[in-house]
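Produce the entire structure from the sequences given, and follow the hints as far as they go.
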Amino acid sequence: EIKYMELANKEKKVWELLSNIKADGMLLSTRDSFAWISCGGTSGVDRSGQNGVVDILLMDGKKYLIASTIEKYRFMEEELSGKEFRLVDYDWFNGSEKTIRELMGNKRIISDTGVFGTENAYQEIQRLRFSLEPEEVKRFKLLSGISAKAMEAACKEIRHGDTEWEVAANLTQKLLRNGVDAPVCM
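Residue numbers (this note's numbering): 1 to 186.
These aren't lab readings, by the way, just hints derived from the structure by calculation. Some hints could be false.
Unchecked claim - Derived DSBU-like pairs (lysine-lysine); straight-line CA-CA distance at most 35 Å:
#1 K138 x K22
#2 K72 x K138
#3 K63 x K10
#4 K72 x K107
#5 K22 x K107
#6 K149 x K138
#7 K62 x K10
#8 K83 x K13
#9 K98 x K12
#10 K10 x K174
#11 K62 x K83
#12 K138 x K156
#13 K13 x K62
#14 K72 x K62
#15 K141 x K12
#16 K83 x K72
#17 K83 x K22
#18 K83 x K141
#19 K12 x K83
#20 K83 x K98
#21 K141 x K72
#22 K72 x K174
#23 K98 x K138
#24 K63 x K13
Stated by the list, open to error - Beta-carbon label-pair distances, calculated as ranges:
#25 E135 x E78: 10 to 20 Å
#26 M151 x I21: 19 to 29 Å
#27 T42 x E152: 19 to 29 Å
#28 E16 x I158: 19 to 29 Å
#29 R108 x L143: 33 to 43 Å
#30 G161 x E78: 38 to 48 Å
#31 E136 x V184: 18 to 28 Å
#32 D24 x K138: 39 to 49 Å
#33 A153 x S48: 24 to 34 Å
#34 S81 x E102: 19 to 29 Å
Glycine is no exception: its CB is placed at the ideal position from the N, C-alpha and C atoms.
Written out as structure tokens, the structure reads:
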């Protein structure tokens, strides 16, 4: 039995897409793509941006994490532990472009951003996420329960005169204490 069935199923979708469109690999740079392929991990430091601080390259039947020397161990240990990604690192002050271009070589690589001369295939990549894996459904149910409890508790604590900002801050605090990021809270 495969330890990470969710990841195996997602990899299968990636390899099938690449085969169907005759591409050699896929570069994932956006935070949502990283969350998907890492089975719930996060690649953001600055939560306001679309892209994370690491990239994932799926090519030649392998999975690569491309990370700066500053971030490499944290991502391998915290976000990708046990998921058999190969680590490729670069000096943060040089940026990732040279390292990624060397890995890609002259191969046809699609990506979720169109960066470094890759073909932007964000819509095709996004379609891979339309059907949820059973593990994702479980995480959504857990997230829904945590969110409902936080909302209920925050609503019970609202007092006459509280501003929308104060209520949102209280709710966001309750979510963050339970490991839930709330990018929007109104």
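Hints and how they fare:
1. K138 x K22: At roughly 34 Å apart (the allowed maximum being 35 Å), K22 and K138 satisfy the hint.
2. K72 x K138: holds (29 Å)
3. K63 x K10: Holds, at about 12 Å.
4. K72 x K107: holds (25 Å)
5. K22 x K107: holds (11 Å)
6. K149 x K138: holds (17 Å)
7. K62 x K10: holds (13 Å)
8. K83 x K13: Given that 35 Å is the threshold and the Cα spacing comes to 16 Å, the pair holds.
9. K98 x K12: holds (28 Å)
10. K10 x K174: holds (32 Å)
11. K62 x K83: With Cα atoms ~11 Å apart, K62 and K83 stay inside 35 Å; holds.
12. K138 x K156: holds (27 Å)
13. K13 x K62: holds (14 Å)
14. K72 x K62: holds (18 Å)
15. K141 x K12: Cα-Cα ~25 Å, so holds.
16. K83 x K72: Holds - the C-alpha atoms of K72 and K83 are around 14 Å apart, at most 35 Å.
17. K83 x K22: holds (26 Å)
18. K83 x K141: With a Cα-Cα distance of about 23 Å, the restraint between K83 and K141 holds, given a limit of 35 Å.
19. K12 x K83: holds (15 Å)
20. K83 x K98: Given that 35 Å is the threshold and the Cα spacing comes to 25 Å, the pair holds.
21. K141 x K72: holds (31 Å)
22. K72 x K174: Holds. K72 to K174 sits at ~30 Å (cutoff 35 Å).
23. K98 x K138: Status violated; Cα separation ~39 Å.
24. K63 x K13: holds (14 Å)
25. E135 x E78: 10 to 20 Å: holds (18 Å)
26. M151 x I21: 19 to 29 Å: violated (42 Å)
27. T42 x E152: 19 to 29 Å: holds (26 Å)
28. E16 x I158: 19 to 29 Å: violated (49 Å)
29. R108 x L143: 33 to 43 Å: Between R108 and L143, where Cβ atoms are some 37 Å apart, the hint holds.
30. G161 x E78: 38 to 48 Å: holds (41 Å)
31. E136 x V184: 18 to 28 Å: The hint (18 to 28 Å, Cβ to Cβ) holds, given that E136 and V184 are roughly 21 Å apart.
32. D24 x K138: 39 to 49 Å: violated (34 Å)
33. A153 x S48: 24 to 34 Å: holds (27 Å)
34. S81 x E102: 19 to 29 Å: Roughly 26 Å apart at Cβ, these two residues keep to the hinted range, so it holds.
Violated hints, in rising order: 23, 26, 28, 32; the structure is consistent with all others.
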